[in-house]
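Student: Here are the chains, one letter per residue:
There are 2 protein chains.
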Amino acid sequence: MSTIIYPENTSPAADAEAIRKACQGWGTDEKAIISIIGHRNATQKKLIRQAYEELYCEDLVKRLESELSGQFEKAVYRWILNPRDRDAVILHVAIKERAIPNYRVVIEYSCIYSPEELLAVKRAYQARYKTSVEEDIAQYSTGHLRQFLVGLVGTYRYVGDELNARVANSEADILHNAISTKDFNNEEIVRIISTRSTTQLVATLNRYKDHYGSSITKHLLDDTNEGNKEYLLALRTTIRCISDPQKYYEKVIRYAMNECGTDEESVTRVIVTRAEKDLKEIKEVYYKRNSVTLDQAITNHTSGNYKAFLLTLLGNE
Amino acid sequence: MSTIIYPENTSPAADAEAIRKACQGWGTDEKAIISIIGHRNATQKKLIRQAYEELYCEDLVKRLESELSGQFEKAVYRWILNPRDRDAVILHVAIKERAIPNYRVVIEYSCIYSPEELLAVKRAYQARYKTSVEEDIAQYSTGHLRQFLVGLVGTYRYVGDELNARVANSEADILHNAISTKDFNNEEIVRIISTRSTTQLVATLNRYKDHYGSSITKHLLDDTNEGNKEYLLALRTTIRCISDPQKYYEKVIRYAMNECGTDEESVTRVIVTRAEKDLKEIKEVYYKRNSVTLDQAITNHTSGNYKAFLLTLLGNE
Numbered sequence: 086m087s088t089i090i091y092p093e094n095t096s097p098a099a100d101a102e103a104i105r106k107a108c109q110g111w112g113t114d115e116k117a118i119i120s121i122i123g124h125r126n127a128t129q130k131k132l133i134r135q136a137y138e139e140l141y142c143e144d145l146v147k148r149l150e151s152e153l154s155g156q157f158e159k160a161v162y163r164w165i166l167n168p169r170d171r172d173a174v175i176l177h178v179a180i181k182e183r184a185i186p187n188y189r190v191v192i193e194y195s196c197i198y199s200p201e202e203l204l205a206v207k208r209a210y211q212a213r214y215k216t217s218v219e220e221d222i223a224q225y226s227t228g229h230l231r232q233f234l235v236g237l238v239g240t241y242r243y244v245g246d247e248l249n250a251r252v253a254n255s256e257a258d259i260l261h262n263a264i265s266t267k268d269f270n271n272e273e274i275v276r277i278i279s280t281r282s283t284t285q286l287v288a289t290l291n292r293y294k295d296h297y298g299s300s301i302t303k304h305l306l307d308d309t310n311e312g313n314k315e316y317l318l319a320l321r322t323t324i325r326c327i328s329d330p331q332k333y334y335e336k337v338i339r340y341a342m343n344e345c346g347t348d349e350e351s352v353t354r355v356i357v358t359r360a361e362k363d364l365k366e367i368k369e370v371y372y373k374r375n376s377v378t379l380d381q382a383i384t385n386h387t388s389g390n391y392k393a394f395l396l397t398l399l400g401n402e
Numbered sequence: 086m087s088t089i090i091y092p093e094n095t096s097p098a099a100d101a102e103a104i105r106k107a108c109q110g111w112g113t114d115e116k117a118i119i120s121i122i123g124h125r126n127a128t129q130k131k132l133i134r135q136a137y138e139e140l141y142c143e144d145l146v147k148r149l150e151s152e153l154s155g156q157f158e159k160a161v162y163r164w165i166l167n168p169r170d171r172d173a174v175i176l177h178v179a180i181k182e183r184a185i186p187n188y189r190v191v192i193e194y195s196c197i198y199s200p201e202e203l204l205a206v207k208r209a210y211q212a213r214y215k216t217s218v219e220e221d222i223a224q225y226s227t228g229h230l231r232q233f234l235v236g237l238v239g240t241y242r243y244v245g246d247e248l249n250a251r252v253a254n255s256e257a258d259i260l261h262n263a264i265s266t267k268d269f270n271n272e273e274i275v276r277i278i279s280t281r282s283t284t285q286l287v288a289t290l291n292r293y294k295d296h297y298g299s300s301i302t303k304h305l306l307d308d309t310n311e312g313n314k315e316y317l318l319a320l321r322t323t324i325r326c327i328s329d330p331q332k333y334y335e336k337v338i339r340y341a342m343n344e345c346g347t348d349e350e351s352v353t354r355v356i357v358t359r360a361e362k363d364l365k366e367i368k369e370v371y372y373k374r375n376s377v378t379l380d381q382a383i384t385n386h387t388s389g390n391y392k393a394f395l396l397t398l399l400g401n402e
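Protein chains in written order, with my numbering: chain A, 86 to 402; chain B, 86 to 402.
In short, the hints are calculated from the structure, not lab data.
There's no promise every hint is true.
[Said to hold, decoys possible] Once the Cα atoms are required to be at most 35 Å apart in a straight line, the calculated DSBU-like pairs of lysine-lysine come out as:
(1) Lys215/A to Lys336/B
(2) Lys294/A to Lys181/B
(3) Lys215/B to Lys303/A
(4) Lys392/A to Lys373/A
(5) Lys131/A to Lys303/A
(6) Lys332/A to Lys131/B
(7) Lys215/A to Lys116/B
(8) Lys116/A to Lys106/A
(9) Lys267/B to Lys215/B
(10) Lys332/A to Lys106/A
Because the structure is a prediction, the values reported are computed rather than measured.
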């Protein structure tokens, strides 16, 4: 469930006008901006962008980019875009702004988003960057990690409740044979994890646990070959995303806020992309695991307008 | 351009009635069936199926399957289905009814069909078979061929006229370096051929010819490793499909009808899938290359109702 609190009936023109006012003159009234856009859903934000464009012949997204700065600006930018454009931006940053792609983001979109949502993200990506997600991932990665990520993002997975118990058993055995002989690069692992439907894969992973007494993610830790590190981490991330998305997101946020500092990019990504989906459930999982609320953790690890904005998206009035 | 000759205004109910009559009593009036469905486009066939169902509470496709037989039945079955269902059937047969997938068919759909058409075929495939194209291809192939085919069918290619001349040059060099050192399994080959947009890839292949004096398909013949045979044939097929679809289809038909016999499956596939698209151009290319018309070749290599039906689709009254 969504965490944001928004009024049912709003006036896009009045909202656009209030944002315009907050941007004019010396300085910017960030609090006013948060109080509006932090309390609007995707449809309402779209109408505000349209109203702003009509009233002031100016792109609201660009205006906010120029008015705001730092992590706060990045978060607002991702929040004000329509969801699929935002996803395209996040994916592009993940693929291109690092030495190797931030495979976590690629995996999230490939495994947690529905095939139709993933397709919509790919379309938005092409419209924005004039290249395909597939060619960019392929270009910026290598070896087993590349093969795995390209297969993962390329598969238009079957969505349906049909599940083949025979396949679940035999593929659990195939996975176990490969892993127990330390044949971690076995292409069957890539095939099974990257192409099977979520329903089928969950059944296979359950059979694996039943027959071999432990989850496959534990067994994937047994590899000590440094060259396989990223690939195996990607495999484990994928299995987590497929098995339990909320638990996965909780872990992302937990790792992003620790004693060593805060990875704002990850915090922003989870909160902005899940606020209108399942952030409520993620908050519950977070509290259970950490005995501290996510709101409290955010309060401790962030500051200023950025903090105020995240807390608003988390459902604080 | 299309080759079929069809009247603009037809009555789906009258067509359904005439087909029903042709199916009733002793024997079947195949000529009557050909004279109707061989002269109807996709929309008209759809309306006939609907009218038949309404009038007789019976599925026309199933009725025709039970009335007809042999290659004629197979051709009619593929023709009477709606195009994306037909493609799903052809793809499924290509993937599952052989020891290894008939990669030619997979490559045709991946490279000659537009990304949107390929997506529609994937949807029809899932609706019909309750599995994804990707998982079936992955399951029924292995090694480099698998990696290549899964990448190819999975890529939602960018379609646009943008082309990066720098990339065309550098990737022509990458391809040539791999091929000249006989590193045919180099993963960069798979990446470039399976993920780049058609526009970009054609430019790269042209640069290759400019710089290295010969087409890449020729150079791919230099490998003598038997284990690579299918994979390299698939690579060459892909390059042909991307470079010149009509020339590719001409070759498929030419190889399918020779002294050793006739590969009716391939002949049917090309004629049925291209009749409403570019079969006219394929006929022209065929005549140029063979100095005999495609109609004449079909007349020589096929017989009976199957022959009559193919000739009708080829535009004979």
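Student: Each of the hints needs a verdict: does it hold here or not?
Tutor: Cross-check of the supplied hints:
no.	hint	in the structure
1	Lys215/A to Lys336/B	33 Å, holds
2	Lys294/A to Lys181/B	30 Å, holds
3	Lys215/B to Lys303/A	31 Å, holds
4	Lys392/A to Lys373/A	22 Å, holds
5	Lys131/A to Lys303/A	44 Å, violated
6	Lys332/A to Lys131/B	48 Å, violated
7	Lys215/A to Lys116/B	51 Å, violated
8	Lys116/A to Lys106/A	12 Å, holds
9	Lys267/B to Lys215/B	41 Å, violated
10	Lys332/A to Lys106/A	41 Å, violated
In terms of the numbered hints stated before, the structure departs from hints 5, 6, 7, 9 and 10, listed from lowest to highest.
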